[in-house]
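Visitor: One line per chain: the protein sequences are A and B, in this order.
Just so you know, we're using my numbering here: the first sequence kicks off at 1 and counts up by one.
Just so you know, we're using my numbering here: the second sequence kicks off at 1 and counts up by one.
Hints in this document: simulated from the structure, not taken from any laboratory.
Note that the Cβ used here is the ideal one computed from N, Cα and C, for glycine as well.
Be aware that a few hints might be false.
Below, in silico cross-link-like pairs of lysine-lysine (DSSO-like), each with a Cα-Cα straight-line distance of 30 Å or less [to be verified]:
id: 1; chain 1: B; residue 1: K191; chain 2: A; residue 2: K41
id: 2; chain 1: B; residue 1: K130; chain 2: B; residue 2: K185
id: 3; chain 1: A; residue 1: K3; chain 2: B; residue 2: K150
id: 4; chain 1: B; residue 1: K130; chain 2: A; residue 2: K130
id: 5; chain 1: B; residue 1: K145; chain 2: A; residue 2: K3
FRET-style restraints, in silico, Cβ to Cβ [said to hold, decoys possible]:
id: 6; chain 1: A; residue 1: Q16; chain 2: B; residue 2: G13; range: 33 to 39 Å
id: 7; chain 1: A; residue 1: N17; chain 2: B; residue 2: A58; range: 36 to 42 Å
id: 8; chain 1: A; residue 1: P56; chain 2: B; residue 2: N358; range: 28 to 34 Å
id: 9; chain 1: B; residue 1: K404; chain 2: A; residue 2: Q16; range: 49 to 55 Å
id: 10; chain 1: A; residue 1: R128; chain 2: B; residue 2: I14; range: 33 to 39 Å
id: 11; chain 1: B; residue 1: T347; chain 2: A; residue 2: V98; range: 38 to 44 Å
id: 12; chain 1: B; residue 1: W227; chain 2: A; residue 2: T94; range: 53 to 59 Å
id: 13; chain 1: B; residue 1: Q39; chain 2: A; residue 2: P56; range: 42 to 48 Å
id: 14; chain 1: B; residue 1: Y195; chain 2: A; residue 2: Q16; range: 34 to 40 Å
id: 15; chain 1: B; residue 1: D144; chain 2: A; residue 2: K84; range: 33 to 39 Å
id: 16; chain 1: A; residue 1: G91; chain 2: B; residue 2: K140; range: 36 to 42 Å
id: 17; chain 1: A; residue 1: Q16; chain 2: B; residue 2: D22; range: 32 to 38 Å
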Amino acid sequence: MEKKSLIEKLHDLQDQNKNQSYLTQEALVNLAKEEKISPAKVFAVATFYSMFSVTPRGRHIIRVCEDQACHMDGAETIIQTLEKVLHVRIGDTTPDGVFTLEHSSCLGLCDQSPAMMIDGEAYGNLTRTKIESIIQKIKAGA
Amino acid sequence: MSEQVKIVTELVGIVKPDDINDYVAKGGYEALKKAITMQPSQVIEEIKKSELKGRGGACFPTGLKWDFTAKAAGTEKYIICNADEGEPGTFKDKVIMEGDPQKLIEGIIIAGYATGATHGYIYIRGEYAKSIDTLVLAIKQAYDKGYLGKNILGKSFTFDLQIHKGAGAYICGDETALMDSIEGKRGEPRKKPPYPPTCGLWGKPTVINNVETLANIAPIIKHGGDWFKAIGVEGSRGTKLFCLQGDLNWRGTIELPFGKKLSSIITDYGKGVKDDMELKGILLGGPSAFILTPEELDTRADIIALSKINAGIGSGVIVALDNDRCVVDIVKNIAEFFRHESCGKCTPCRIGNDQIVNILERITTGDGKIEDLVTLEDIAKTMMQASFCPLGQSAPNVLMQALKKFREEFLIHILDEDCPTCDCDMMYEEEW
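Same shape as in the complex, but just chain A:
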């Protein structure tokens, strides 16, 4: 098979950093050396895509959709609920380093709005009780 692109290598590096789900400066500089391009270029690519982070995050990334369908079905309330349950603001990571709460563009779950994804898993038709139990379950397994 053909060699992996820079984007896919960044995915791999971020996935390897399981505890903090981010691209360390060291990893970016090393990748630049390996690719024989400037670190600035690698940094420019890494910061362009919203799934990559250059600052530490939690072990689990919660992505809440806010577009059309989810917005119409109360995405704002979903975010407020998550903020209350996790005790963090959107964009932040819980002090125990378990969750990072992020905004997301449409996740293609519009037939089950409001919806969110935690890591690769989709959760739709969200309610307060549902959110609480999802977070509890993940916490118990963390």
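Model the placement of chain B on the given structure of chain A, informed by the hints.
Guide: Using the frame of chain A, we list chain B on its own:
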């Protein structure tokens, strides 16, 4: 209500997506077997005869696109399947990728054979974890069965296929931005011309087609272009996947032949507006596309009929808005999306979207001024004319239409500092 016609979703829910043998047992890969007994040019002729048009929103004739690439100079050519399904409200490609991945792969291989490409990419958005897993397995199985790789089906035809995972950027749904992303760059759009069919990935001739387009290929080759052309209406042949959502009793993806009336899609398939509410309008084709009033829904969902009311099918999204929805709030939500997704390369898009959000925020919190409406139009026109790529050019589409079709609502927000539907921030402010 006539029967649903299924072409691309024929086997969704019937075939096991993780078992290529099941696909083959249900007639899968017969089209590829037939295609490689034909001349590549004959395959393209068959696609031309079918009058298949791109399902990603631009509606470009697929056969013609293939022909450009087939006739382009050079031996290194590429097929890209655009699976970066990011238009808010769209989840139709996912249905194909997760429900019948082999049909998509078979279409891509046929595209490769017809155009002389030897390598293909499926560019999937990173958020579609399940689609990625399904296709990784499906591609492996296709290699194991000899449908991919060297000397496919014993012929001197070689075709490799790999997945490229995106990383969260709506702009990468633009064909040239997507190519830059595969090349390992920031996903920023390129200047056109040259166009991808002659100068695409790595500067080589490249066919880039949407998932739904490619899922039509195997059925067309199997049954013939004439068979396909008999479905749908003049100018829009075959079927279209529609993603129904919003204030409807039924939400989901449905495959329908082109030419059904929008009102019938809402009533017969969406089962009408939720809670017996009145319909205020629909968003059609995604947030970069159209907002229609109930009076406009007496139009057939096909390319020609919609163009007569200055609309189009877009990606097939239909979001129903009931009478309690605030149009200003909907438009603001759309503007926020584009502000986030603007790649920042050109000024009209980068600054324009930001300005639109700021003004709409003012209007929905009771601080709007009557001159804001003119300013909004000015910004929108500048973006439409001066933005570098379709993202910026189309971002203010719904805003511009809403300013005409739902002007009254904007005026009530500004002059009465009130929201007729209590659905926007104006009310939240008072409640808090």
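Visitor: Does each hint hold? Answer for all of them.
Guide: Consistency of the hints with the structure:
At most 30 Å may separate the alpha-carbon atoms for a hinted pair to count; K191/B and K41/A meet this at roughly 21 Å. The straight-line distance between the Cα atoms of K130/B and K185/B is roughly 25 Å, inside the 30 Å bound, and the hint therefore holds. Straight-line distance between C-alpha atoms of K3/A and K150/B comes to about 18 Å, which keeps the hinted pair within the 30 Å bound. In summary, the hint linking K130/B to K130/A is supported, as the alpha carbons are separated by about 22 Å, within the 30 Å threshold.
Taking the CA atoms of K145/B and K3/A, the gap is near 23 Å; set against the 30 Å cutoff, the hint holds. Judged by the Cβ atoms, the range 33 to 39 Å given for Q16/A and G13/B holds: they are separated by roughly 37 Å. Between N17/A and A58/B the C-beta distance comes to about 39 Å, which sits within the given range of 36 to 42 Å. For the pair P56/A and N358/B, the beta carbons lie near 32 Å from each other, so the given range of 28 to 34 Å is met.
For the pair K404/B and Q16/A, the supplied restraint of 49 to 55 Å holds, since their beta-carbon distance comes to about 52 Å. Checking the proposed 33 to 39 Å range against R128/A and I14/B shows it holds: the Cβ atoms sit about 37 Å from each other. The beta-carbon spacing between T347/B and V98/A, approximately 41 Å, falls within the hinted interval of 38 to 44 Å. For W227/B paired with T94/A, a C-beta distance near 57 Å keeps the hint of 53 to 59 Å intact.
Roughly 57 Å separates the CB atoms of Q39/B and P56/A, a value that falls outside the hinted 42 to 48 Å. Restraint check, Y195/B to Q16/A: a C-beta distance of roughly 38 Å satisfies the suggested window 34 to 40 Å. Checking the proposed 33 to 39 Å range against D144/B and K84/A shows it is violated: the Cβ atoms sit about 50 Å from each other. At roughly 38 Å, the beta carbons of G91/A and K140/B sit within the given window of 36 to 42 Å.
At about 35 Å, the beta-carbon gap between Q16/A and D22/B stays in the expected band of 32 to 38 Å.
Violation of the numbered hints given earlier is confined to hints 13, 15; the remaining hints are satisfied by the structure.
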